[in-house]
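Colleague: Sequence:
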Amino acid sequence: MALKDILPGKLGFGTAPLGNMFRDIPEPEARATVDAAWNDGIRYFDNAPFYGAGLAEIRMGDALADKPRQDYVISTKVGRLVLDEIEDVSARDLGEKGDVFKYGRPNKIVNDYSADATMRSIEDSLKRLKTDHIEIVWVHDVAQDFFGDEWLSMFESARKGAFKVLDKLRDEGVIKAWGLGVNKVEPIELLLDLEEPRPDGFLLAGRYTLLDHERALQRVMPKVTERGLGIVVGGPYSSGALVGGPNFEYAPASTAILNKVAKIKALADRYGISMKAAGLQFALANPAVAAVIPGASKPGRIIEDSTALKERVPADFWRELRHAGLVHPDAPLPIKD
0 MALKDILPGK
10 LGFGTAPLGN
20 MFRDIPEPEA
30 RATVDAAWND
40 GIRYFDNAPF
50 YGAGLAEIRM
60 GDALADKPRQ
70 DYVISTKVGR
80 LVLDEIEDVS
90 ARDLGEKGDV
100 FKYGRPNKIV
110 NDYSADATMR
120 SIEDSLKRLK
130 TDHIEIVWVH
140 DVAQDFFGDE
150 WLSMFESARK
160 GAFKVLDKLR
170 DEGVIKAWGL
180 GVNKVEPIEL
190 LLDLEEPRPD
200 GFLLAGRYTL
210 LDHERALQRV
220 MPKVTERGLG
230 IVVGGPYSSG
240 ALVGGPNFEY
250 APASTAILNK
260 VAKIKALADR
270 YGISMKAAGL
280 QFALANPAVA
290 AVIPGASKPG
300 RIIEDSTALK
310 ERVPADFWRE
320 LRHAGLVHPD
330 APLPIKD
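When the letters of the sequence shown are read in order and numbered with numbering that gives the first Met the number 0, they come out as residues 0 to 336.
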């Protein structure tokens, strides 16, 4: 089934912040954020065991426990198991983004893409999420940013384990769809080149944004569209850089990125539009994109996102953006030329 047929709308909620991403978020604030998303009509929630060592799944499960299960769609991820064992969080080696969840639970996290671990991961997630089924499962982070030179061997482990299990679960109707949940384009390219297995789509974070879209545009989007698959765009604000934050790709933004943001912002200000509107509407203009899932850790952010999606952006803004070389010449824009 195509992702667009499974997802209930173009805007979903990325729950990484609920895992205490970057800061220790109080329980009432986390709960209020999920409630705000629900009250605003959002019915797609993306999660992962990695987010705070299960904390995001637990919080979301609690917040949605009294909602009719048929009314919303969940995606979560496999590839990492959260153990009961406690570890020294500061000693974790979890790739480039190891510090992102230092305020999460101190449970030990192990990388495991085998068939058995995939089944166990899904069972553990069902318990934390307080549900009996998950619609979409993404294989998490089989990429260079977490595994460096070892990423291809991790991908191979997932090909022999997780991919086969998820193909079977989807064919049996246990889940509706599966794919990769990654921050890099290359693993998606690699999977698309294999004859087997048969993914339904991908969650691609940070690689199809106003600030960084060229490689995905050229290497992934055409194949995805051609095969009738779909992309969920994560991190549409590039770790906050697009909307005035200090980080790009989870690290302090470079001068080049900050300059690009300043140029886009000057144009947006001239047309009286928000940077969130520019970011979300740009991503959704690509026919391969089924939904965008900005993360939020405060209720007010949810309202900003849904307002940005409905904001009217003049066609001339997009034309000027293209003319100034701030988007790739081939990137689809939300205008009819």
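Bear in mind the hints are in silico, worked out from the structure with no lab data behind them. Note that the coordinates shown come from a computational prediction; the quantities given were computed from them, not determined experimentally. C-beta: ideal position from N, C-alpha, C; glycine also. There could be a bad hint or two in this list.
Derived CB-CB ranges, DEER-like [to be verified]:
{"id": "1", "residue 1": "152", "residue 2": "284", "range": "34 to 42 Å"}
{"id": "2", "residue 1": "25", "residue 2": "327", "range": "39 to 47 Å"}
{"id": "3", "residue 1": "147", "residue 2": "105", "range": "18 to 26 Å"}
{"id": "4", "residue 1": "149", "residue 2": "271", "range": "42 to 50 Å"}
Colleague: Go ahead and decide if the range 42 to 50 Å is satisfied by the Cβ distance of residue 149 to residue 271.
Modeller: holds (48 Å)
Colleague: Cβ-Cβ distance between residue 147 and residue 105: within 18 to 26 Å?
Modeller: Once the Cβ atoms are compared, 25 Å apart, the range 18 to 26 Å for residue 105 and residue 147 holds.
Colleague: Do residue 25 and residue 327 keep their Cβ atoms within the hinted range of 39 to 47 Å?
Modeller: holds (41 Å)
Colleague: Range first: 34 to 42 Å. Now tell me if the beta carbons of residue 152 and residue 284 are that far apart.
Modeller: holds (37 Å)
The structure shown violates none of the earlier numbered hints.
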